[in-house]
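Dock chain R against chain X, hints included.
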Amino acid sequence: MPPPPLVEFREVAKRFGDGPPVLERISFAAQPGDFLALIGPSGCGKSTLLRLLAGLSPLTAGAIAVDGRTPADAAAELAFVFQEPTLLPWLNVAHNVELPQRLRGVAPADRAATRRRVLELVRLGDRAAAYPRQLSGGQKMRVSLARALALAPRLLLLDEPFGALDEMTREHLNEELLAIRALAAWTAFFVTHSVAEAVFLSNRILVLATGPGRLHTEIAVPLPYPRTSDTRLSRDYHDLVAHVSRVLRSVEDSAPPPR
Amino acid sequence: MIAPMRPLLKAFLPAVAGALALAVWFAAHFLLEEEMRFLLPSPAAVLQALLDHREPLARATLNTSQGALLGFGLAVVVSVGLAVVLSWSPIVRTSLYPYLMALQMTPLPVLAPICVIWVGAGLKSVALLTFVIAFFPLVVNTTQGLISTDRHLVELFGLYRARPWQQLLLLRAPAALPYFFTGLRIAATIAPIGAVVADMNAGSSAGDGGGLGFQAVIYASQAKYPALFATAATTCMLGFVLNAAVLGLAWLALHHWHDSYERSDK
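Here the protein sequences come in this chain order: X and R.
Under the working numbering, the first residue of the first sequence is numbered 61, with each subsequent residue one higher.
Under the working numbering, the first residue of the second sequence is numbered 2, with each subsequent residue one higher.
Please keep in mind that the hints were generated in silico from the structure rather than gathered at the bench.
Glycine included, C-beta positions come from ideal geometry on N, C-alpha and C.
Any given hint could be a false lead.
Stated by the list, open to error - With beta-carbon atoms standing in for the labels, derived distance ranges:
| no. | chain 1 | residue 1 | chain 2 | residue 2 | range |
| --- | --- | --- | --- | --- | --- |
| 1 | X | R193 | R | F13 | 25 to 35 Å |
| 2 | R | F241 | X | E236 | 49 to 59 Å |
| 3 | R | W89 | X | D127 | 29 to 39 Å |
| 4 | X | G165 | R | L63 | 25 to 35 Å |
| 5 | X | G185 | R | H153 | 22 to 32 Å |
What the hints assert, rightly or not - Per the computed footprint, the stretches of chain X lying under chain R, defined by three or more beta-carbons under 8 Å from a beta-carbon of chain R, are:
| no. | stretch |
| --- | --- |
| 6 | 135-143 |
| 7 | 153-164 |
So here's chain X without its partners, still in its complex pose (with noise of 0.2 Å):
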């Protein structure tokens, strides 16, 4: 028998106010250790789907269990990645990363182990006494994801973390992204998008079609982790890559025109 899911949708559906439905009867199950890149045509409810399950915004109908919880009820368990770093700018890297845990009550030495730990494993160990400002915007952007990874969350959701930044930085936050994850595996839902971003990290693409927003395809990636920068010379990632654009170029072509 497979584990039970981590996080299950059941025909869910979001509109906001009188509007148009923007999430139609999404069913889809995620296991443990899952990592899912969430694409799709801009407008196809992608951001949104990940605030349902952040417990952010509430649904219309269906059903979000997260360890067979609400998501508000599993809020413990999870941790969010927004677009921008998000940075409390009169903080410095060492505070922003313990305030999660400071509203929560956590011992400030307890918090203060933990932020040096995670300070680490984005390599930033030496720029706690830093300010926002004084970083450049990948750097914000790993304070952003240590800050997340204090909780020790069981999932973690990135809405787009790395979509602002340049090619190079991005590819070197993806790769360290999966590396930081193979020391503890939290369950991701990634929001991108970039297609290579998606195959790169991913090994499920859940590809979402617009008008309104719903489940398109699934596609499996099934290239073995440890992924590396070598992982992107290979031939199965450039044919993944291919097939998962021409699938998102069919969405797209079959789109509604833009109301």
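Frame of chain X; chain R shown alone:
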């Protein structure tokens, strides 16, 4: 933002401007017909008056400072508390704003006699009137700051299930600091002015001898024009000191993170 400047240049430029202004003042004084020169005493005469009248001026400065600082301090405490309430509830905000504005629009000389009826002429009235004038920019700016928090950060705190007091103390309050200091700078500029005007209208020479406003009225009535100019200069200095103190506080609170300050490591 202005282009970064060397500190030396930053000190040098105002000094040059000041020296030029003094030269123009001197020249204007001597360009006047001899019998008209009393209208614009020379800088030297004003300096002399400042020395001659240093005792009454020092006493008056002390009295005005007390009133200004009491009113200013009270305005800070009350406005921050009220701003928290106003930022919390749009209903309260909408209900009270017109009256806060009305209070600001009532001229001090009209409010002064009312204050005198309530608390008597002297320090209490001066402090109360200073409070009234310094209060508005503080409450408006601080409220604006408290409701302008980056929505991404608010969402982040929501995700971490932060309690309302945590959101206020750890997010909204620090995010509002730049706004608060904008209000504080305006308040620090108008508080000494308010205190002097209040002193003219609701001050008292009984006991403490009155403040700078009172002193100005006396010198004007005695036609001691250099002393009158010296009183104006003293009032100016008082505002300057209070402003410098606020600028220093703002620097301490903001320089390491806020974009309005240059980065020291770049």
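Against the structure, the hints come out as follows:
1. X:R193 <-> R:F13: 25 to 35 Å: holds, 29 Å
2. R:F241 <-> X:E236: 49 to 59 Å: holds, 53 Å
3. R:W89 <-> X:D127: 29 to 39 Å: holds, 35 Å
4. X:G165 <-> R:L63: 25 to 35 Å: Taking Cβ atoms as reference, G165 (chain X) and L63 (chain R) lie about 49 Å apart, which means the hint is violated.
5. X:G185 <-> R:H153: 22 to 32 Å: 26 Å Cβ-Cβ, so the 22 to 32 Å window holds.
6. 135-143: Since three or more residues must qualify, the claim that chain R covers the stretch 135-143 of chain X holds, with 3 doing so at under 8 Å.
7. 153-164: holds (count 5)
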